[in-house]
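Heads up: the sequence lines are chains A and B, in that order.
Count the first sequence with my numbering and you get residues 1 to 235, in order.
Count the second sequence with my numbering and you get residues 1 to 440, in order.
Honestly, the hints are just simulated from the structure, not real lab data.
Listed below are the simulated DSS-like cross-link pairs for lysine-lysine, each with C-alpha atoms no more than 30 Å apart in a straight line:
#, chain 1, residue 1, chain 2, residue 2
1, A, Lys124, B, Lys96
2, A, Lys74, B, Lys96
3, A, Lys16, B, Lys102
4, B, Lys102, B, Lys5
Sample of chain B residues facing chain A (criterion: CB under 7 Å; computed from the structure):
#, residue
5, Glu8
6, Leu103
7, Gln106
8, Thr253
9, Gly254
No residue lacks a Cβ here, since even glycine has one placed at the ideal position from N, Cα and C.
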Amino acid sequence: MTALLTVEGVTKDFNKRRVLDDVSFSVRPGEILGLIGPNGSGKTTLFECLAGLMPANAGAIKSNNKVLVPARRKEALFYLPDGISPWAEQTVQWALGFFRKLYGRTQQDASALVEPLRLSELMKARVATLSKGERKRVLLALGLLTPQPLLMLDEPFDGLDLRQTRDVMTLLKEHVASGRTLLLSIHQLIDAGRVCDRLVLLGAGRVVGEGSLAELRAKTKLPEAGVEEIFLALT
Amino acid sequence: MRSLKFGELLSKEWRELLAARSYWLLLLMIGPLVGQAFIAAVKLYAEASGSGGVPAALPQGLTPLDGILAPTFGAYDLAATFFLPFVAIRLISAEKQSGALKLLLQFPGSLGTKLAAKGLVLVAGWLVTCVPGLLAIVLWKSYGGHLYAPEALNLLLGHFLRALLSVGIAVAAAAIAESAASAAIVTLGFTVGAWALDFIAAGRGGLLQQLANYTPTAALRSFEQGLLRLNTVVVMLVITVLSFALAAVWLNTGSTLRYRVLSTVAIAAVLAVGMIGAMGLRSSWDLSENRRNSFPPADEAALSQISGPLQITVILAPEDPRLTDFEQNVLRKLRRNLSRLDVHYTAASQTGLFEGSDDHYGEIWYEMRGQKIMDRSTIEPVVLEQIYKLAGVNPPAAGGTDDFPGYPLATSPRWAGSLFYGGFPLLTIFAWWFIRRERS
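Work the whole structure out from these sequences, hints included.
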């Protein structure tokens with residue numbers, strides 16, 4: 001299968017500290033790929049490098065075997081960062097409407113996200129007044145309104161309770177079923193195992209494993225293991 | 001589709017501007033600031049015109065440009081220096097700090113387009129703040145005051161360019177600095193640096209003085225004198241555009257530090273070339289009604305016959321009032337008429353207080369084609385006579401008297417207090433409340 005996006009040898013140093021070390025993997029069309037690793041393993045840095053928001057020291061990002069220069073990455077992918085609070089003084093309704101119009105989406109597209117993400121009671125609220133979980137749901141809605149083939153979500157379940165996490169996972173799977181590809185950065189390994197088709201395990205800035213849960217179990221020779229055990233075995 | 005997206009960006013930036021408390025504070029303060037300046041100007045003008053039994057000044061000396069417009073709109077210089085930069089900084093820094101910049105950078109369109117949307121909205125916001133200034137003009141006309149449209153429009157253009165410059169510098173500072181506070185310090189540092197350059201370069205001549213002509217204060221001064229200089233307009237626009245280019249370079253977080261530094265050096269080089277090139281643009285237009293920036297037409301015709309280079313050496317200290325007179329009344333006009341004029345300032349001190357014992361202090365030397373003449377006068381007809389003599393040009397026949405009538409007006413600033421101190425601030429508060437209520 002031709003990869004939607006290929007990451008080849010991405011390396012990033014902060015001063016003399018190597019944060020990403022020759023990271024390579026591929027994203028297949030129509031899958032949910034989980035980038036998993038503990039805090040500080042370089043997931044967010046990798047996402048920012050992939051999105052062209054941070055320069056990498058080395059490496060290439062390819063789409064359909066053609067190198068994607070940073071300025072053209074936004075045509076192929078959209079990255080939704082974690083922990084941001086954009087346009088704090090504006091209402092949720094405005095933010096959704098702005099993204100919808102900016103990307104030429106229909107009112108139906110936006111409305112379809114309101115119920116599963118439980119946004120109806122938040123529509124009139126200002127972004128600044130939202131709790132962490134509420135803000136996360138609004139940001140997910142914004143991300144899901146973008147049209148790029150690949151959507152990268154940084155910690156999409158962070159701040160959500162159990163029920164919300166389950167609902168968001170369902171929504172993401174529906175989204176993928178409609179033809180989109182997702183790359184999720186997740187530090188909660190149990191969540192990753194539940195939602196992702198394949199996993200890329202990142203430890204100390206290096207890829208320590210890549211594949212489906214079954215492939216990783218085979219690689220680690222732990223046939224009954226969960227993601228946590230596999231990760232511990234590989235790092 | 002592209003225009004729709006730009007429209008969406010404009011709409012977003014406008015909402016962000018209206019969400020900024022700094023903008024509402026600017027609006028709240030600009031009314032009283034303009035009002036105070038206008039009321040004081042009208043009262044002073046009335047006194048000079050002979051109100052309250054005080055004898056009138058010479059009517060020729062009473063021009064609304066000097067007496068009313070320049071001081072009233074002086075409030076906008078203050079606002080452009082101390083308030084507007086914070087509004088512009090907020091529009092950039094808030095997005096950097098909230099993380100919205102990471103989304104903005106991924107939106108369709110170039111970063112230049114996105115910054116253009118911010119710039120246009122800031123300009124629109126500034127135009128709204130001009131309402132009290134326009135109200136002052138309307139009031140002045142309602143009192144029966146005189147206005148000469150070319151000089152008034154020229155002054156408005158000067159303040160508009162001044163505001164653009166402020167916006168450009170602030171946007172660049174906000175893009176480069178880590179935080180809004182650092183950006184504010186950089187912007188105020190630029191302002192203080194420009195003031196220092198203006199002060200240091202006064203009466204010094206050479207490249208320093210040429211550069212000082214482009215500081216915001218000096219540039220605005222020529223507009224306040226009714227003079228429209230092409231090079232000033234070009235430099236102010238070039239600095240503004242390059243500031244936005246600099247902002248685009250530094251906001252693009254995906255580029256390497258090396259690329260940003262090299263781009264900054266390239267922009268600085270373009271700025272230097274632009275400023276040097278602009279020095280060669282000598283076109284200027286005297287839009288003042290009393291032609292204060294021009295010699296009488298007969299003298300201008302006579303001066304146009306002089307082709308050789310004229311060198312003037314002035315032995316007067318920068319703070320000597322005679323030098324100020326010479327600069328304001330003679331050199332400024334000569335520079336507009338003689339394309340090959342070179343002025344040297346050779347005083348040894350800043351004030352000239354201790355140069356009185358020097359026999360040569362106060363001398364002004366005129367040199368052309370190896371011939372030299374010395375005179376101490378700074379009076380226009382005397383200076384022109386020396387130049388004609390040196391150039392071998394017949395002086396024009398003595399012309400008629402100055403036909404500028406002057407426009408005395410002894411009136412009181414009726415309604416101004418209630419409009420500027422009450423009406424406009426209340427309208428601002430109501431607009432803020434209404435917009436905030438609409439959003440919640």
